[in-house]
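Please work from the sequences and hints to get the whole structure.
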Amino acid sequence: MIKKYLLICSALLSLGLQAQNFSGQAFYQSKTTVDMDNFGGEGMSEDMKKQIMARMKSFLEKTYVLTFNGSESLYEEEASLDLETQGRGWGMMMASAAPGIQYKNLDQSALVQTHDFFGKSFLIKDEIPALEWEVTNETKMIGAYMAIKARAVKQVKANDFSMMRRRGRRGQDAEKNQDNQKQQSDSTKTDPMDEIELPKTIEVTAWFTPQIPLGHGPAEYAGLPGLILELNADRTTLLCSKIVMNPKDLPAIEAPDKGTVVTQDEFETIVKEKTQEMRDNWRNRSGRRGRGE
Numbered sequence: 001m002i003k004k005y006l007l008i009c010s011a012l013l014s015l016g017l018q019a020q021n022f023s024g025q026a027f028y029q030s031k032t033t034v035d036m037d038n039f040g041g042e043g044m045s046e047d048m049k050k051q052i053m054a055r056m057k058s059f060l061e062k063t064y065v066l067t068f069n070g071s072e073s074l075y076e077e078e079a080s081l082d083l084e085t086q087g088r089g090w091g092m093m094m095a096s097a098a099p100g101i102q103y104k105n106l107d108q109s110a111l112v113q114t115h116d117f118f119g120k121s122f123l124i125k126d127e128i129p130a131l132e133w134e135v136t137n138e139t140k141m142i143g144a145y146m147a148i149k150a151r152a153v154k155q156v157k158a159n160d161f162s163m164m165r166r167r168g169r170r171g172q173d174a175e176k177n178q179d180n181q182k183q184q185s186d187s188t189k190t191d192p193m194d195e196i197e198l199p200k201t202i203e204v205t206a207w208f209t210p211q212i213p214l215g216h217g218p219a220e221y222a223g224l225p226g227l228i229l230e231l232n233a234d235r236t237t238l239l240c241s242k243i244v245m246n247p248k249d250l251p252a253i254e255a256p257d258k259g260t261v262v263t264q265d266e267f268e269t270i271v272k273e274k275t276q277e278m279r280d281n282w283r284n285r286s287g288r289r290g291r292g293e
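Residue numbers for the sequence shown follow this note's numbering, so the first one is 1 and each next one is one higher.
Dumping the calculated DSS-like pairs for lysine-lysine here, alpha-carbon to alpha-carbon at most 25 Å:
| id | residue 1 | residue 2 |
| --- | --- | --- |
| 1 | Lys200 | Lys274 |
| 2 | Lys274 | Lys120 |
| 3 | Lys125 | Lys157 |
| 4 | Lys62 | Lys258 |
| 5 | Lys125 | Lys154 |
| 6 | Lys157 | Lys272 |
| 7 | Lys31 | Lys154 |
| 8 | Lys62 | Lys120 |
| 9 | Lys149 | Lys200 |
| 10 | Lys272 | Lys154 |
Source of the hints: derived by calculation from the structure; they are not laboratory data.
Spelled out as structure tokens, the structure:
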């Protein structure tokens with residue numbers, strides 16, 4: 001069965017110039033799930049959990065639009081963030097986890113994205129992440145489009161706090177975590193980041209359609225023989241809800257140009273240094289409170 005659909009992909013891609021004339025906009029609904037019990041909500045009432053989730057909704061549920069042509073695309077949030085939900089400290093860190101506008105050029109394998117981090121604007125210029133996609137023989141319909149499933153393993157960025165989770169929640173790790181919590185309760189220098197970890201890799205699942213034979217996709221994802229209509233990465237799902245093909249008035253697709261220019265590696269170093277600075281400040285404040293200062 002998969003050979004049949006790969007032949008379709010090859011036939012469509014062989015159209016060459018005709019494929020280059022494809023353009024349009026794809027609208028995506030983004031939803032991220034959070035395990036409240038895994039983040040200290042074991043003793044909370046269900047009403048309290050619902051209230052917290054309601055306040056986090058602007059972070060967890062968003063709408064994006066991907067504007068694309070034969071080789072270029074621009075991916076951006078359709079609605080602006082509610083600034084009141086950003087808060088300070090670790091709340092601001094979470095708000096800073098999401099990139100802004102993301103421009104991709106498939107011919108040049110170029111990715112340009114804006115990123116506001118603790119009040120400073122960065123312009124990250126790098127290559128599109130090269131994932132080793134494994135195309136499967138699974139298919140399904142997404143709206144009016146036939147989609148094929150593909151899988152890949154992705155390295156998690158050091159600044160991707162949307163994927164953070166608590167350490168040691170099961171078995172011996174859970175017992176060790178309880179011992180660590182007891183030791184920390186005896187100490188005045190409690191660092192909340194000691195309970196947080198980021199996975200090194202995650203599995204990404206994408207559903208692409210050969211009916212739109214362009215290698216575009218939401219966020220930084222690309223490289224499949226068809227537009228990605230659905231993508232699952234860790235606890236986040238991106239689902240295409242609407243496609244407008246070849247509109248008369250297609251918005252301009254231009255790379256953003258404002259912000260301090262850095263590479264992805266340079267930006268992750270900046271995030272790492274800022275995170276360490278926050279941890280040091282937290283420990284110092286906790287130490288002063290413990291000494292009664």
